[in-house]
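Add chain W to chain S, keeping to what the hints say.
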Amino acid sequence: SAVISQKPSRDICQRGTSLTIQCQVDSQVTMMFWYRQQPGQSLTLIATANQGSEATYESGFVIDKFPISRPNLTFSTLTVSNMSPEDSSIYLCSVEGENRARNTGELFFGEGSRLTVL
Amino acid sequence: DAKTTQPPSMDCAEGRAANLPCNHSTISGNEYVYWYRQIHSQGPQYIIHGLKNNETNEMASLIITEDRKSSTLILPHATLRDTAVYYCIVRLHPADGGYNKLIFGAGTRLAVHP
Numbered sequence: 001s002a003v004i005s006q007k008p009s010r011d012i013c014q015r016g017t018s019l020t021i022q023c024q025v026d027s028q029v030t031m032m033f034w035y036r037q038q039p040g041q042s043l044t045l046i047a048t049a050n051q052g053s054e055a056t057y058e059s060g061f062v063i064d065k066f067p068i069s070r071p072n073l074t075f076s077t078l079t080v081s082n083m084s085p086e087d088s089s090i091y092l093c094s095v096e097g098e099n100r101a102r103n104t105g106e107l108f109f110g111e112g113s114r115l116t117v118l
Numbered sequence: 001d002a003k004t005t006q007p008p009s010m011d012c013a014e015g016r017a018a019n020l021p022c023n024h025s026t027i028s029g030n031e032y033v034y035w036y037r038q039i040h041s042q043g044p045q046y047i048i049h050g051l052k053n054n055e056t057n058e059m060a061s062l063i064i065t066e067d068r069k070s071s072t073l074i075l076p077h078a079t080l081r082d083t084a085v086y087y088c089i090v091r092l093h094p095a096d097g098g099y100n101k102l103i104f105g106a107g108t109r110l111a112v113h114p
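As they're listed, the protein sequences go chains S and W. If you count the first sequence from 1, position 80 lands on 80 in the working numbering, and the numbers rise without skipping. If you count the second sequence from 1, position 85 lands on 85 in the working numbering, and the numbers rise without skipping.
Isolated chain S (complex conformation) (with noise of 0.2 Å):
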């Protein structure tokens, strides 16, 4: 299993700012992913990273909005710039197994980032 933990847990920002979410693992893991869930929806992928490379996005989520950052194999961050009443959600990291060929090809989450903008 992979413990994941995700700061800040919760924040209330501004309208126009931005806001950087760390995801912290305990072990090295190649694959992270970063999802979006807006209040009583399901979740949305944003976009994969690996160590190493630029993420790679999902339709609809561009860089200049959701930069993120994978600069070792145990940690990557997300930022939400420009927010606006809109990018209120819960923002959840995830990551695959650490043994991909043995292991159930579950994915680990964390607990999320509720971010509300005001």
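None of these hints come from the bench; they were simulated from the model. These numbers come from a predicted model, not from an experiment. We treat Cβ as the ideally placed atom computed from N, Cα and C, and that holds for glycine. Incorrect hints may appear among the rest.
What the hints assert, rightly or not - Simulated restraints on C-beta separations:
{"id": "1", "chain 1": "W", "residue 1": "63", "chain 2": "S", "residue 2": "72", "range": "38 to 46 Å"}
{"id": "2", "chain 1": "S", "residue 1": "26", "chain 2": "W", "residue 2": "96", "range": "20 to 28 Å"}
{"id": "3", "chain 1": "S", "residue 1": "73", "chain 2": "W", "residue 2": "29", "range": "31 to 39 Å"}
{"id": "4", "chain 1": "W", "residue 1": "13", "chain 2": "S", "residue 2": "26", "range": "36 to 44 Å"}
{"id": "5", "chain 1": "S", "residue 1": "12", "chain 2": "W", "residue 2": "54", "range": "41 to 49 Å"}
{"id": "6", "chain 1": "W", "residue 1": "8", "chain 2": "S", "residue 2": "60", "range": "18 to 26 Å"}
{"id": "7", "chain 1": "S", "residue 1": "73", "chain 2": "W", "residue 2": "51", "range": "28 to 36 Å"}
{"id": "8", "chain 1": "W", "residue 1": "39", "chain 2": "S", "residue 2": "8", "range": "17 to 25 Å"}
{"id": "9", "chain 1": "S", "residue 1": "24", "chain 2": "W", "residue 2": "114", "range": "25 to 33 Å"}
{"id": "10", "chain 1": "W", "residue 1": "95", "chain 2": "S", "residue 2": "18", "range": "20 to 28 Å"}
Showing chain W alone in chain S's frame:
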């Protein structure tokens, strides 16, 4: 787009079996069926997965039809703590070289009541 269809909500009495259906009529031959759940204010949690055989673990059982176009997640003795949103997802297994991202659909909101 999600490749699965689930009922938006279901109810179950505590102690009874909860049977959650999922349709995945466009599933390809090497795609697995995965089930996750999300308890309120928590990140999603893996439950079980399968390819074509029925599977059972300490949490649940997964029944996949012979044509693989649908499946049922069974919680044999539901408790109040099983109240959650349950997601059925089809994807390639990473051991088969599959890209590991999960695409979530709307899921089924299961309410277990006393």
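Status of the hints after comparison with the structure:
1. W:63 with S:72: 38 to 46 Å: 42 Å, holds
2. S:26 with W:96: 20 to 28 Å: Cβ of residue 26 of chain S to Cβ of residue 96 of chain W: about 27 Å, so the range 20 to 28 Å holds.
3. S:73 with W:29: 31 to 39 Å: With a Cβ separation near 33 Å, residue 73 of chain S and residue 29 of chain W satisfy 31 to 39 Å, so the hint holds.
4. W:13 with S:26: 36 to 44 Å: Check passed, 39 Å falls within 36 to 44 Å.
5. S:12 with W:54: 41 to 49 Å: 47 Å, holds
6. W:8 with S:60: 18 to 26 Å: 23 Å, holds
7. S:73 with W:51: 28 to 36 Å: 30 Å, holds
8. W:39 with S:8: 17 to 25 Å: With Cβ atoms ~21 Å apart, the hint holds.
9. S:24 with W:114: 25 to 33 Å: 39 Å, violated
10. W:95 with S:18: 20 to 28 Å: 39 Å, violated
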